[in-house]
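Peer 1: Could you put together the complete structure from these sequences and hints?
So the protein sequences, as listed, match chains Y and B.
Read in order, the letters of the first sequence are residues 127 to 269 in the working numbering.
Read in order, the letters of the second sequence are residues 3 to 438 in the working numbering.
Source of the hints: derived by calculation from the structure; they are not laboratory data.
It is possible that part of the hints are untrue.
[Stated by the list, open to error] Label pairs and their computed distance ranges (CB to CB):
| id | chain 1 | residue 1 | chain 2 | residue 2 | range |
| --- | --- | --- | --- | --- | --- |
| 1 | B | K379 | Y | E241 | 35 to 45 angstroms |
| 2 | B | E358 | Y | T198 | 37 to 47 angstroms |
| 3 | B | K379 | Y | T143 | 45 to 55 angstroms |
Treat the numbers as computed from the prediction; the structure is a model and nothing was measured.
Heads up, the beta-carbon is just placed ideally off N, CA and C, and yes, glycines get one too.
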Amino acid sequence: MGCRLCEVYCITQHSKTRDIIKTYKGKGPKPLSGLYFEEIGHISFAIQCRHCEDAPCIEACLTGAMFREKETEAVLHNKEKCVGCWMCVMVCPFGVIKVDIENKKVASKCDLCIESEFPACVENCPNEAIILVDEKGEKIEKK
Amino acid sequence: MKKEKKLKKNKYIIIGNSIAGVSCIEGIREIDKDGEIFVFSDENIFNYSRPLISYYLAGRLKEEQLNFRDENFYIEKNVKLFIKTPVKKINTKEKIVYIDKGNFDFDYLFIGTGGSPIIPQIKGIDKIREGVFTFTKLNDAKNIKNFIEKEKIKEVVVLGGGLIGLKCSEGLIERGISVIIIELSDRILPNTFDYNASMIIENKLKEKGCEIIKRNTIEKVIGKDGIVKEIILKDGRKIKTKILIIGVGVIPETKIIEGTEIIKNKGIIVNEFMQTNLPFIFSGGDVAEGEDLILNKKSVIAIWPVAARMGKIAGYNMVGEGKKYDGMFIMNSIEFFGIPTISFGITNPPLNENYEIIEKIDYEKNFYRKIVIKENKIIGAIYLGKIERVGIISGLIKNKIDVSSFKNLLIDDKFGLLVLPETYRKHIVKGEGIEV
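Peer 2: Next comes the structure, spelled out in structure tokens:
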């Protein structure tokens, strides 16, 4: 469809207020979305971090800022530790790690909305183009 | 007497505690939770990231912020770490390593001793005991910092306009010190960049007040009572200075294998399992020579991600996992004064019909993109200024994808996964919450 609602909800979810109007109309920079939206002609899609099992970004990280969260096995990023060397940007074959200069000069990526119940992009995708699956490829529904 | 039923625990020894050694620990512990692991480091810190020493020199990071794994790491992984404990000798027959006071036997050994700085032959340098530094370890950065503060240094001479020399220069300039860089080649970063990219960075350095002397080198160092006073260049020019930093490059630190039958070329030669010619001795990182996917031969690739990969693969195979290293290639991500730069492989090929170049440049905006193609495959690239999505290029290189059908889109603003051939796109994004 190319509605870009995934982006809107991702940005809102990672804003201070988590309120869609305040995020978009309020003062100060908005967070970057954790995904890339691509569109050529009739084809459009959104892609975010695959949380790879064998994650090249974790290996390439000079500081240990990129790490695997033990419980969920999500690939997360510690902004305090990150120095912005962009090694992760260099090695991610999906090209889904962003350079977040405006907010703080560190890498920015999908965190699977780990602080809330369910990924905002999945929850708000109107035609189930974005789904959440486990390591076996089975769909995970919101509880 | 109680009968010991348990199988004998493996004893692993790791020499070197930088990213190769640490990744080796991680590889071993993913599989073998019980084996004994001993790690030996000649440095006086539980771990730190060497590339971050320029951040330390610049004053951007403190010493306690340089670690890439926290102190608990060694406890969690149940590893005995010996710092300030260089390994002196390896006995490959008896499988023993010797330290100053004692020795340890092993079943499997990993050599991750990294690289050491190249000291070019300069007249008079052997008589100097104060004022000449290298820049590869934390102690180097500390010594430079202390010396500069103690002597109230305002100007520094750096020999070498490659990655080490420039990152050191950047750190110094950020401290408010003026820098003179001396580079043998006709441009800075000759091994990493092409002319255009070198010029953009050179202009930025000059803007920051840095003097760059090219096609020149240091012929002689003049000292008094062992203290640096002056350097004399090849063209006769004299520069008064109290401090000279040598940042011309590193070579594999292979001293430890002298007198053993371990085979080396420039670095220690390893097979796809990271084994040396002795199957119970492994190696990886800046000291080792593994497969280079672009050059199609064994080569030392002294960069962090390669060391991490090699160390991890070695760790798996020290436990007998039979995991293969699929090869890597040279790549660098370095920021100079706010200009991010990423480069892969061969960035400056000879000008002939074998290579195709696609490029776009905007000097004003410090923006440059270049792709080098050979036989329809990308073998090199430079991204300067805007680097987002460049990782896709690294994937195309690694997987040797034929880019002929979309090559003109490679440097386009719209470049992304959608311009890739459907088969490759589906291969890399299969499943996992996406529908193409």
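Peer 1: Now, for every hint given, state plainly whether the structure supports it.
Peer 2: For each hint, the structure was consulted:
Checking the proposed 35 to 45 angstroms range against K379/B and E241/Y shows it holds: the Cβ atoms sit about 42 angstroms from each other. In this structure the supplied range 37 to 47 angstroms holds for E358/B paired with T198/Y, their Cβ-Cβ distance being about 44 angstroms. Between K379/B and T143/Y, the C-beta spacing of about 48 angstroms keeps the proposed range 45 to 55 angstroms intact.
The structure is consistent with each of the numbered hints, conforming to all of them.
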